[in-house]
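Enquirer: Here are the chains, one letter per residue:
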Amino acid sequence: MSDWTIDELGSWDDKIGEIARNFGLNWFDIDYEIIDYHEMIGAMSYTGLPTHYRHWSFGKAYERTHTLYNAGATGLPYEMIINSNPSISYLMAENQMYIHILTMAHCVGHSDFFKNNRMFFDTSPELIIPRFKAAAKYVKELIEDPSIGIGEVEAIIDACHSIKYQIPRYPGIKRRSNEELKQIYAQKMLEDAIGEYDDFDLHKIPLERDYNIMAFISEHGRNLNEWQRNLMSIVEESSHYFIPQALTKVMNEGWAVLMHEKIAKELNLPDKYYIPFIKLHNQVVRSHLGRVNPYHLGYNIFKKIEERDGFEACLLAREVHNDVTFLRTYLDEEMCHDLNLFSYSYKKSKDHISIDETSDNEGWEKVRDSLINTVGLNSIPTIYVEELLKDHTLILRHEHDGRDLDMQYAKKVFEYIQDLWGDEIQLFTVLEGELWEF
Amino acid sequence: MSTFREHKSIVDRSAADRVRHKKKIEKAIKESIKDVIADESIIGQNGKKKIRIPVKGIKEYRFVYGNNEKNQQVGSGGRHNIKRGQKISQKRAQKQPNAGPGNEDGEEKYDVEITLEELAEYLFADLELPELEKKRFRYVSDDSLKRKGYRFEGIRPRLSKKETLKRKIRRKKKAIALGAYDPDSDERFPFHKNDLKYHYMKPKPKENTAAVVFFVMDVSGSMTTQKKYIARSYFFILYQFLRHKYDTIEVVFISHTVNAKRVSEDEFFKRISVGGTMMSSALEVEIDTITKEYHPDSWNIYTFYAGDGENWSDDNKKTINLLNSLKENNQMIVYAEINENRIHPEEEEDVPDWTSPAFVAWKTEQPDSIWTLCVPLLDNRFKRVLLTKPAHIWATFKKIFGAKE
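Chains R and U, in that order, are what the protein sequence lines are. Taking the working numbering, the leading residue of the first sequence gets 6, the next gets one more, and so forth. Taking the working numbering, the leading residue of the second sequence gets -12, the next gets one more, and so forth.
None of these hints come from the bench; they were simulated from the model. Be a bit skeptical, because a hint or two may be false.
Claimed, not checked - Straight-line alpha carbon distances no greater than 30 Å define the calculated BS3-like cross-link-like pairs of lysine-lysine that follow:
#1 U:K385 to U:K215
#2 U:K10 to R:K417
#3 U:K11 to R:K142
#4 U:K74 to R:K352
#5 U:K10 to R:K145
#6 U:K148 to U:K135
#7 U:K70 to R:K355
#8 U:K57 to R:K416
#9 U:K10 to R:K142
#10 U:K148 to R:K138
#11 R:K145 to U:K148
#12 U:K11 to R:K145
#13 U:K14 to R:K145
#14 U:K46 to R:K145
#15 U:K46 to R:K353
#16 R:K145 to U:K57
#17 U:K14 to R:K417
#18 U:K135 to R:K308
#19 R:K138 to U:K46
#20 U:K232 to U:K11
Quick caveat, the model's predicted, so the values are computed rather than measured.
Sequences are here, hints too, so could you generate the full structure?
Expert: The following block contains the structure:
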């Protein structure tokens, strides 16, 4: 049934590689795995990783993806690539040749992005697979350990997953232990000539806001044993792995789409491939009414940069920006207007959703700011460790930026954190303008 | 350089995680079942009919922003002409509709379709008829196979992994002792055909303890449609439970007003009557039936009564006496009262512990009601339960049959 052979894939890949090199791209080698539909759904549920620790939530992801696909609610997954070195990508065996060509050209774009974008500088792509493999093995051993078992393992992972994004949101920041911070601040106090640190309490824990709740609990928690701490650092580490991706979703997809389009134009594809290729491409970059399609947004911004300042400027942008700085720098009034972006929110008093701002002369900046507030990790509230009291009560605070928490969810997470911490915790936030304590 | 690899995976690595997820869904089904259990659509259905149960998805909780005016989302208007203040949806916004890792879940609902038989399996897996004793008279059914020992020959599904492995280990140890195999080498020590051992299945005549169950229901005029509905649901679930658990159980249906009579299953669940209430009439029919057909030496006897408690007060004393004598030869009697006046508003969500003699009804109590008069009888062989709304049925059920949770 398929209209392709592995040799053909190889020869198209050679051509794609040559063109991409001429554009100045520089990517990791790519290992393509040819898998069937079910394996593809499987790969997607484990966020593409060929090895990952076990958890029921991935089973749920599988069922959901499978159901969505069966219901026709989602297009066919045509790409899945891991930022390892070499990159690992999946081609679905059932797909036709033109889809494979698009996928391969697209993956070259992603791999190039992984290798060059600054957000990824600290990801040690050579170690990603072995790390996940070791983690998976460790979790498996805990599950099989009769004195621990799946129930206890899940209890910890469930709890950790609830705070998996409560880690520093910028790559490459090394967490300092309490002892290390103490030394730094002791030094500062010593060198303090203007009395800035006169009232500084060196015994407060933590000395700085700690945005890494998992690591803090692991460092100071009194009720955890070794395997539980190890499990926590496994979840934490996999979170760190996803941070750069979450920070660059719009750019990364936009870049890959731009590149597969540019490469396809040079490939001299026969009509039987080119026409369906363009159809698929248009499908990928279409705007989604009422939502923001990151492919659409990222692609259009890169197109604009290329028009205005040439492809060299695109290469530079893909290297230095993340989604926030990318949107702030390049999403201007004209583009907001062209994309017809608007902001909306739920009005409690009227129990409906209505439009707040449109992208006209007065509103576009607000729309852009709202967009920036919702890309990647900005869509997730920040909760930090404020203080550890003498009686071992843990004080957490939500960095309130105007947006209130979903209290039902917050309450559940609060319980999860309490499970991990084992002693008293308090969580402060603001609800409808008033201080709120859990 | 790219490489291409067609890989044939033998293991489905998501299988285990899907099983775990399914287990959680099943648990959720069990939890939603109490809402479904008395649903009109399942009462009186046969086992093959499919029932749809809405089950809430297993949520993964994280800190997320709620629906509020400051939590503005952004969308593209396509070619539409959009204006400020324009209403775009009546529905609440979905959680984080667009952004990256934030969009993992919202309100998810699975519609699970199951048959009544499967429902019974979910419901009744952990439940047992209490106080079942071995009586003289036994049913014999011969359709069960029982594992008994091991054989060297057998069919593949009956392979005993444990015995096989034991034999292999024994052989390996011997080989090491004889120097024929070096355990430190990378070489595998393979299974040999002689290692294989199979379970031997012996047909076993299964002995079943005989049991008869009396379903007794008040169908008098004071039983309103709603009360009858609850009573029927209760009996229906009971009936399903007994049928599911015990192949050889006999059920006697008795319905009563001021008179009582034995009725067929069909009549029992469908019959509508009017008139006053004399509970003793039904108990007399039961005693009569027991005397004639079900000798307590040979039979485990259970009685389930349901009514609204509005018995003729002249009949109460007699009823209690009959209950008392019935208790002598019953394994268990459950008196269910469908009486909405008895639940305290604050207790609505929880099912109070009616089994405790200390439980006091909140209605101005008539001291000579069956509910009060039966207090001295209460023990693990005589239970009284209160059903005021369909949701109580399942909770009651678990109490009677002792679900381990």
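Enquirer: Given the hinted pair U:K11 and R:K145, is their Cα-Cα distance within 30 Å?
Expert: At roughly 20 Å apart (the allowed maximum being 30 Å), R:K145 and U:K11 satisfy the hint.
Enquirer: Given the hinted pair R:K138 and U:K46, is their Cα-Cα distance within 30 Å?
Expert: holds, 27 Å
Enquirer: Compare the distance between the alpha carbons of U:K10 and R:K142 with 30 Å, and conclude whether the hinted pair is satisfied.
Expert: holds, 23 Å
Enquirer: Compare the distance between the alpha carbons of U:K148 and R:K138 with 30 Å, and conclude whether the hinted pair is satisfied.
Expert: holds, 29 Å
Enquirer: Please work out if U:K74 and R:K352 have their alpha carbons no farther apart than 30 Å.
Expert: holds, 10 Å
Enquirer: Please verify whether U:K148 and U:K135 have alpha carbons no more than 30 Å apart.
Expert: holds, 15 Å
Enquirer: Hey, U:K10 versus R:K145, does the alpha-carbon distance stay inside 30 Å?
Expert: holds, 19 Å
Enquirer: Verify the proposed pairing of U:K232 with U:K11, using a straight-line Cα cut of 30 Å.
Expert: holds, 24 Å
Enquirer: Is U:K57 close enough to R:K416, meaning Cα to Cα at most 30 Å?
Expert: Within the cut-off at roughly 21 Å; holds.
Enquirer: For a C-alpha distance cap of 30 Å, please report whether R:K145 and U:K57 respect it.
Expert: violated, 43 Å
Enquirer: Quickly compare the C-alpha distance for U:K46 and R:K145 to 30 Å and report which way the hint goes.
Expert: holds, 24 Å
Enquirer: Quick one, are U:K70 and R:K355 close enough, alpha carbons at most 30 Å?
Expert: holds, 18 Å
Comparing the model with each earlier hint shows violations of hints 16 and 18; every other hint is respected.
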